[in-house]
Amino acid sequence: MAHETFAVEVLTPEGLVFQEDVEMVSTRTGVGSIGIRARHEPLLGILDPTELRLYRSDSDIVRFAQGEGYVQVAEGRVLLLVEEATAPENLDRSDLEDRRKRAEEAASSAQDNSEEQRRAQRDRRRAEVFLEIAGGGGS
Amino acid sequence: MSATQAEVKDRISSVQNIRKITRAMEMVAAARLRRAEQRIEALRPYAGAIRRMTRQAAEAAGTEIGSLPVLKEHDAERSVALLLVTGDRGLAGAFNSQIIRPGVRAAVEYEGEGRSVTFSAVGRRGVSTLAFRSREVQGAYTGFTDRPAYADAREIAEDLVSAYVDEKVDRVEVFYNGYVSPLTQEVRRETLLPLARATILEGSEREAEGADEEKTGHHALVEYEPDPEQILSRLVPDYVEISVYRALLESTASEHGARMTAMRSASENAGELIDDLTLEMNRARQAEITQEILEVVAGAEGLG
Chain A
1 MAHETFAVEV LTPEGLVFQE DVEMVSTRTG VGSIGIRARH EPLLGILDPT ELRLYRSDSD
61 IVRFAQGEGY VQVAEGRVLL LVEEATAPEN LDRSDLEDRR KRAEEAASSA QDNSEEQRRA
121 QRDRRRAEVF LEIAGGGGS
Chain B
1 MSATQAEVKD RISSVQNIRK ITRAMEMVAA ARLRRAEQRI EALRPYAGAI RRMTRQAAEA
61 AGTEIGSLPV LKEHDAERSV ALLLVTGDRG LAGAFNSQII RPGVRAAVEY EGEGRSVTFS
121 AVGRRGVSTL AFRSREVQGA YTGFTDRPAY ADAREIAEDL VSAYVDEKVD RVEVFYNGYV
181 SPLTQEVRRE TLLPLARATI LEGSEREAEG ADEEKTGHHA LVEYEPDPEQ ILSRLVPDYV
241 EISVYRALLE STASEHGARM TAMRSASENA GELIDDLTLE MNRARQAEIT QEILEVVAGA
301 EGLG
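Chains A and B, in that order, are what the protein sequence lines are. Under my numbering, the first residue of the first sequence is numbered 1, with each subsequent residue one higher. Under my numbering, the first residue of the second sequence is numbered 1, with each subsequent residue one higher.
Think of the hints as simulated: they come from the structure by calculation, not from any bench. Take the hints with a grain of salt, since some may be wrong.
Said to hold, decoys possible - Computed list of lysine to aspartate or glutamate pairs in DMTMM-like fashion (alpha-carbon distance at most 25 Å, straight line): (1) B:K9 / B:D276; (2) A:K101 / A:D60; (3) B:K168 / A:E51; (4) A:K101 / B:D152; (5) B:K72 / B:E190; (6) A:K101 / A:E41; (7) A:K101 / B:D166; (8) B:K168 / B:D227; (9) B:K72 / A:E89; (10) A:K101 / B:E268; (11) B:K9 / B:E190; (12) A:K101 / A:D112; (13) B:K72 / B:E155; (14) B:K168 / B:E186; (15) A:K101 / B:D159; (16) B:K20 / B:E272; (17) A:K101 / A:E89; (18) B:K9 / B:E225; (19) A:K101 / A:D58; (20) B:K168 / A:D48; (21) B:K20 / B:E41; (22) B:K20 / B:D276; (23) B:K72 / B:D170; (24) B:K168 / A:E89.
Since the structure is predicted, the reported quantities are computational estimates derived from the model, not experimental observations.
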């Protein structure tokens, strides 16, 4: 069944990685998983690392490993502003393992409740989520 | 005594080989420079969108952004962190030394005022030179200056922001080669933290004023996840990341520009040297011919 489409842009500091009309966007905000369809009400939210899915149709889905960022829905358009958006097949498992290990060490050696610790926890969560996505990609 | 023809010939061919290398390096630098320029361009739309979102969130929050930790000035400026952005490699003229020199000078000045200084450096050149000058390097970021990724900038910015928020340092400055044109780099010294409010608000006037008007007109209808204050507190530190990333990109473009220029003048020097040596070789050949003729003439005279 075809759904109404709407314009989506995925913009990173390294440039535009996706700009198409899609039927649905599935991602994760600070509050939880979210699916956005056409005529979604205006929204501004924080995005957490997750697998971003852009549904061209029910079966044709573009996936990205998405880092932290923001989502804005305005005037029927959706803008995803993310620090990184990597195609799952381009993820580097050993690099991610390294990052997770380093973040874990940093988190345990940092002072409780310090900014340093919060940051290490963010790094660890991102690495864990990306590892999960890389695992699903069968690399 | 002048060299023989064969000796000069050898020297010419070795200079020609060097010129081939410097020409190739010049070409590589030119290609990388173009890519680095494109990446500076690619950052613009992202930075603009972050700025517009910050304005929207700030309006919705209705709070003073001055209370956020990265914007708050510390009571006393006891400790200063200096970030020096250099390259991993040399052969780029004064590119690295023109960053290290003013950085160390600034450190000496701050220390003269009784403040403590910690160094961080991007690029192997900066790290090794600081170590050579017996300066401790708090953060050493190397291996990516040919092509910095946003994740590199995030790592550096998060180190600096957490040191600032946790009050380990009271001020952070960055020194880098700003990119003006392939032939011109200018050394820039900027304050990263405390983040200046002007950094957030500047430029927002000319950027899509019209489009923003529409959105803010009915912002009461906008749903926020989570609330605007939390969104704002995450957006503002992003400016430090973006500033660091821009400094890395400009430094990379400058490095390729400087190397291109250095290699071009090396190729030109090689060309001049080849001209001089060719002249010397011709002179040597002429001398040998003259010598032979003299010998033949002397021999003929001896017979007669």
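Each hint, compared with the structure:
As the CA atoms of K9 of chain B and D276 of chain B are separated by approximately 12 Å, the hinted pair is consistent with the 25 Å bound. Using a Cα cut-off of 25 Å, the hinted pair K101 of chain A and D60 of chain A is violated, with the two alpha carbons roughly 35 Å apart. Of the pairs offered as hints, the one joining K168 of chain B and E51 of chain A is violated, with about 36 Å between alpha carbons and a cut-off of 25 Å exceeded. Taken as a hint, the K101 of chain A and D152 of chain B pair is honoured in the structure, with Cα atoms around 17 Å apart against an allowance of 25 Å.
At most 25 Å may separate the alpha-carbon atoms for a hinted pair to count; K72 of chain B and E190 of chain B meet this at roughly 17 Å. Taking the CA atoms of K101 of chain A and E41 of chain A, the gap is about 40 Å. The hint is violated against a cut of 25 Å. Pair hint K101 of chain A plus D166 of chain B holds up; C-alpha atoms about 23 Å apart against a cutoff of 25 Å. As the CA atoms of K168 of chain B and D227 of chain B are separated by approximately 30 Å, the hinted pair breaks the 25 Å bound.
Our distance criterion of 25 Å between C-alpha atoms is broken by K72 of chain B and E89 of chain A, whose separation comes to about 42 Å. Simply put, K101 of chain A and E268 of chain B have alpha-carbon atoms about 50 Å apart, too far for the 25 Å limit, and the pair is violated. Between K9 of chain B and E190 of chain B the CA atoms are separated by roughly 53 Å; this puts the pair beyond 25 Å, and the hint is violated. Distance restraint check for K101 of chain A and D112 of chain A: the Cα-Cα separation of roughly 18 Å lies within the 25 Å cut-off, and the hinted pair is therefore satisfied.
Note on K72 of chain B and E155 of chain B: the hinted pairing holds, with a Cα-Cα distance of about 22 Å set against a maximum of 25 Å. Taken as a hint, the K168 of chain B and E186 of chain B pair is broken in the structure, with Cα atoms around 30 Å apart against an allowance of 25 Å. The hinted pair formed by K101 of chain A and D159 of chain B meets the criterion: a straight-line CA distance of about 17 Å does not exceed 25 Å. Pair hint K20 of chain B plus E272 of chain B holds up; C-alpha atoms about 14 Å apart against a cutoff of 25 Å.
For a cut-off of 25 Å, the pair hint linking K101 of chain A to E89 of chain A stands: about 22 Å separates their Cα positions. Pair hint K9 of chain B plus E225 of chain B does not hold up; C-alpha atoms about 76 Å apart against a cutoff of 25 Å. For the suggested pair K101 of chain A and D58 of chain A, the alpha carbons sit about 37 Å apart, so the restraint of at most 25 Å is broken. With a C-alpha separation of about 28 Å, the suggested pairing of K168 of chain B with D48 of chain A is violated against the 25 Å cut-off.
Between the alpha carbons of K20 of chain B and E41 of chain B the distance comes to roughly 32 Å, so the proposed pair goes past 25 Å and is violated. About 18 Å separates the Cα atoms of K20 of chain B and D276 of chain B, which keeps this hinted pair within 25 Å; it holds. A distance of roughly 10 Å separates the Cα atoms of K72 of chain B and D170 of chain B; the hinted pair therefore holds under the 25 Å criterion. For the suggested pair K168 of chain B and E89 of chain A, the alpha carbons sit about 40 Å apart, so the restraint of at most 25 Å is broken.
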